[in-house]
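S.K.: Spelled out, the chains give:
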Amino acid sequence: MSASDLPRNPGGPLDLDVVRAIRVNKSAAERRSATIPTRRTVKKQWQAAWLLKAITLMDLTTLSGDDTASNVKRLCAKARRPLRDDLVDALGVADLHVTVGAVCVYHQWVATAVEALEGSGIPVAAVSTGFPAGLSPFKQRVEEIHESVKAGAKEIDIVITRRHVLTGDWQALYDEVKAFREACGDAHLKAILATGELATLTNVARASWVAMQAGADFIKTSTGKEGTNATLPFSLVMTRQIREYERATGYKVGYKPAGGIRTAKQALEYLMLMKEELGNRWLQPDLFRFGASSLLTDIERQLEHHVTGRYAAAHRHPMP
Amino acid sequence: MTSVAEIFKTMEYGPAPESDAEARAWLAKHGGKFGQFINGAWTKPGSTFEVFDPSTTDVLAKVTQGTSKDVDAAVAAARKAQRSWGKLSGHQRAKHLYALARMVQKHARLFAVVESMDNGKSIRETRDLDIPLVARHFYHHAGWAQLFEQEFAGYGPVGVVGQIIPWNFPLLMLAWKVAPALAAGNTVVLKPAEFTPLSALLFAELAHDAGLPPGVLNIITGDGKTGAALVEHKDVDKIAFTGSTEVGKIIRRATAGSGKKLSLELGGKSPFIVYEDADLDAVVEGVVDAIWFNQGQVCCAGSRLLVQEGIHDRLIEKLRARMETLRVGKPLDKAVDMGAIVAPEQLERITALVKQGADEGATLWQPSWSVPKKGCFYPPTLFTNVEPSSTIAQVEIFGPVLVAMTFRTPEESVALANNTPYGLAASVWSENINLALDIAPKLKAGVVWINATNLFDAAAGFGGYRESGFGREGGREGMYEYCLKRNGERGTVKGAATSSPKRAVASAVQPSPFISEIDRTPKLFIGGKQARPDSGYSRIVVNPKGQRIGEVGDGNRKDLRNAVEAAHAAVKGWSKSTGHLRAQILYYIGENLSARGEEFAARLRAQTGAMAAQAKAEVEASVARLFSYAAWADKWDGAVHNVPIRGVALQMNEPIGVVAVAAPNEAPLLGFISTVAPLIATGNAVVVVPSEPHPLSATDLYTVLESSDLPAGVINIVTGAKDVLAKTLAEHDDVEGIWYWGSREGVKAVELASAHNMKRTWCHADAIAWADVTEGEGREFLREATQVKNIWIPYGE
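So the sequence lines, in the order shown, correspond to chains A and B.
Just so we're aligned, residue 31 is where the first sequence starts under the working numbering, counting upward by one.
Just so we're aligned, residue 44 is where the second sequence starts under the working numbering, counting upward by one.
Source of the hints: derived by calculation from the structure; they are not laboratory data.
None of the values given here were measured: they were computed from a predicted structure.
Virtual Cβ for every residue (Gly too), placed ideally from N, Cα, C.
Each hint should be verified, as a subset may be incorrect.
Said to hold, decoys possible - Under the rule of at most 16 Å between Cα atoms (straight-line distance), these lysine to aspartate or glutamate pairs were calculated in the EDC-like manner:
hint	chain 1	residue 1	chain 2	residue 2
1	B	K52	A	E274
2	B	K361	A	E276
3	A	K73	B	D320
4	A	K56	B	E328
5	B	K268	B	D115
6	A	K74	B	E49
7	B	K361	A	E274
8	A	K74	B	E328
9	B	K377	A	D316
10	A	K56	B	D115
Said to hold, decoys possible - Quick list of the computed label-pair ranges, beta carbon to beta carbon:
hint	chain 1	residue 1	chain 2	residue 2	range
11	B	S411	A	G149	43 to 49 Å
12	A	V48	B	Q627	50 to 56 Å
13	A	G339	B	R67	23 to 29 Å
14	A	D125	B	E352	53 to 59 Å
15	B	P431	A	E276	35 to 41 Å
16	A	P40	B	E360	24 to 30 Å
17	B	M695	A	P40	52 to 58 Å
18	B	A48	A	G149	20 to 26 Å
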């Protein structure tokens, strides 16, 4: 986000009337979501360009209990050089210096990743605040943010307390996110709503709004650990709240779907959704990211297919 | 060539063309020229006309202008084929329909491409909507064929069906027409629209390859003259038409008195109603699907946007932003929202109406981008500051043009929504289920979508109220359009006494030999009161010997006017009353009639000369019939259709409204009860012209009705010259349906006059055996007394 020319969302006072007036019609949201991928498609060099764009919008992620320094370093190396040189040349995009958007790890590996990415300009994002359930003591969650920022994380992916949403305690949710935002300082805050645990699309929309009011720089669907992670309907609902928020305040807030996005085709669907609902400005890394771990490999394969006309094998691309 | 690096910066969509190679190969196989498809074979092309790709205006093919000889040949082939097709078991027909469904799926992409090229609609729509729905219709109706003997026991096919379909959904409309027709055992002569005949020709060819017997489905191409020849053909038993209300009226008049069964699916100016608690982003996409689907060339398009005043500006702002992101372009491009308008004529009509709208003072808005110069393209268009009196608020534009108006209250939204001669569809947007389900039954529309629009399925009937036509397509209700009740003895009169309706001339009438009672001179029965006839004249009633037995009022058009007004006043409450209440009143009428049974029997004998036992039987049958419809009053249930959404499609059987009845001359009491009782049991109010020669049984009923708690105006009775009164009622634009029993000339006159407001007509020149319960009462009467509204309610939170 260092390249961003946008003013940060400062947040503002919570207006409960606005929150409670938000209603989402689920069937209608599903219908719209279902037709975004059928109304739009990109082919040939357009598809290649869009997939290349998707790489730059990726938070290349590892969030496993068995992470060690070696796989984190490998991930960072891949983040610097996500695409084989021969493909970069064949696509004629060497000048674009394509890298991923960020590397996303647990606090434990922030310092390792920062070191591995030094000089690349690629920021490190840390999942935080008792990720993924968000149920550690509040003080510890705030402290976790401080520690990660201190370790060099430029982006903090916080998780919200789902209880506040399920019980309609919007004030508590607002206070929590606001405190996290303050703890972030200059680091950008991505608010993970854990949409798969919020029961209804109306709740997802209201939580999105409250998180933005509390100063979130990004709103993000999922930890990747819920039963349901990113979906197009969740994304539709959240992007529409981003649109409303911009209309109401003038501030642009970013969006990050995460979890379950594994194929190049899915990536294109999300890009089309962003373009349709929010416009091209939201196809830049300061306003859109994918949280993904295996997506990159599929995109590499599709780009190779575009270049060679042959279907590609994963093992012919350097693993992340 | 645009480079990857450039696109990376602009992030534009590129072209994404669907190949037309297979479709062109099929056209080439035919040398770009088609004859008619009759009796399983192509005829030699005759005099031809050109079919265009509207997106390029290039000629796609030449097809034959159908002559009356072609129509004769096709009808003869269909007639011959029907003899064996109609005798197949349901299962055997089901196998054929199943094969057609599979055939459509196997060639889905070819159909989709041909349809897109011919019509100009986007490949996205033909691929994802039209063609899958076509297959779905054949699957669903394979099921009705399979179940036909059990589920339509007592019914058989109509015979040879002539079908005329429009250009907006060429293959889907073919499926809607052909699938139920074949399922019920009919054979078909179908005329596709002049602009878009290709998919029907492809279908016929592939259906033949799939084993459909020769003559079962015949395709005749041509213009309106060919259609007219089909409509007027003597050996066609039914006409099914989808198209404009204007042509629908012509067909109604052309078939009047012919005995042809008729179903019409016509135009609309459907309301799209948005309440202040709606999900506005959902509404915006709903509007896209309502009026920019198929370039707005959709009979049920939500073309009148009615918005609650407080959210109007916000919604319009959102809509305009959304319109900017719509893409109009080549129909075969997989990434466009709108393709081409079907033909230059249609484009001119849209352009002219939009100009008129702007000239009349409405605010025109179109997106900043422009549509392709070559080909028939028109941009999405939104009018605000539109009043109901504006031309564009009243006329069906049949293009991508939306007109927006505001309302203040739910009541006013209903008034505005219903302020149209049409009644095809409506869309209701609110997150409040109480409001949405309160509004839906109040809308004059055959289909209501709650928080959705343009949902279609083979399991739910589709069709209109008012001048949007009659009959349903899809579901069980649609199957009845292609069935006839098998009344073995229909055409002969049994069980009820009759005499020829001889208009008595006072001087020629012999006086009654003695006066046995105090003079009773019945008046008319209007609005619950006995009213003197406006004319001030009476009609003499005679017995079969020509002796005077009484007099009745000679009703005229003013009496009918008053009666219709009274019926309208009554129907508001009566149609909303519970089935339980209507049942109680019908039972009570039966009870009171029974108590005076001897008197009514004596009156029957006096009028018709019936034997005592016969007269007694008619009275008893009348009481029983009242009980039957009392029984039905709370049992004429709708249904929940099994449609493929998370939600329900509620079939509600709604009363037609104010219905006129010209009761049969025979069975003066039972005929009256048999026609009036099903109508009032289902919530209609009626204006009845009773038996012309024997009206005294009806006039004797006044006091029965008065003592039975029947609300004033639910039944109104005007005695007089039946055919004169029936014609006046048929001409009345505020009478919504008419049932007629009488002469062939009378049937024709009623059907002709009914075309003006597209009344539902049920006319009979042949007598019904009223005493026979399988013939004289039951579901057929209830179906005719009601119209189906399907309310689609997707749900989920």
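S.K.: Against each hint, give a clear statement of whether it holds in the structure.
M.R.: Outcome of the hint check:
1. B:K52 - A:E274: violated (26 Å)
2. B:K361 - A:E276: holds (14 Å)
3. A:K73 - B:D320: Given that 16 Å is the threshold and the Cα spacing comes to 40 Å, the pair is violated.
4. A:K56 - B:E328: Between K56 (chain A) and E328 (chain B) the Cα gap is close to 13 Å, so the pair holds against 16 Å.
5. B:K268 - B:D115: At roughly 14 Å apart (the allowed maximum being 16 Å), D115 (chain B) and K268 (chain B) satisfy the hint.
6. A:K74 - B:E49: Given pair K74 (chain A), E49 (chain B) holds - Cα atoms ~14 Å apart, limit 16 Å.
7. B:K361 - A:E274: Holds, at roughly 10 Å.
8. A:K74 - B:E328: violated (29 Å)
9. B:K377 - A:D316: violated (30 Å)
10. A:K56 - B:D115: violated (54 Å)
11. B:S411 - A:G149: 43 to 49 Å: Since the Cβ atoms of S411 (chain B) and G149 (chain A) sit about 44 Å apart, the hinted range of 43 to 49 Å holds.
12. A:V48 - B:Q627: 50 to 56 Å: Check passed, 52 Å falls within 50 to 56 Å.
13. A:G339 - B:R67: 23 to 29 Å: At 25 Å between Cβs, range holds.
14. A:D125 - B:E352: 53 to 59 Å: With Cβ atoms ~55 Å apart, the hint holds.
15. B:P431 - A:E276: 35 to 41 Å: Given a distance of about 36 Å, which is inside 35 to 41 Å, the answer is holds.
16. A:P40 - B:E360: 24 to 30 Å: Given a distance of about 25 Å, which is inside 24 to 30 Å, the answer is holds.
17. B:M695 - A:P40: 52 to 58 Å: The hinted range 52 to 58 Å holds for M695 (chain B) and P40 (chain A), with Cβ atoms some 53 Å apart.
18. B:A48 - A:G149: 20 to 26 Å: holds (24 Å)
Hints 1, 3, 8, 9 and 10 from the earlier list are contradicted by this structure; the remaining hints agree with it.
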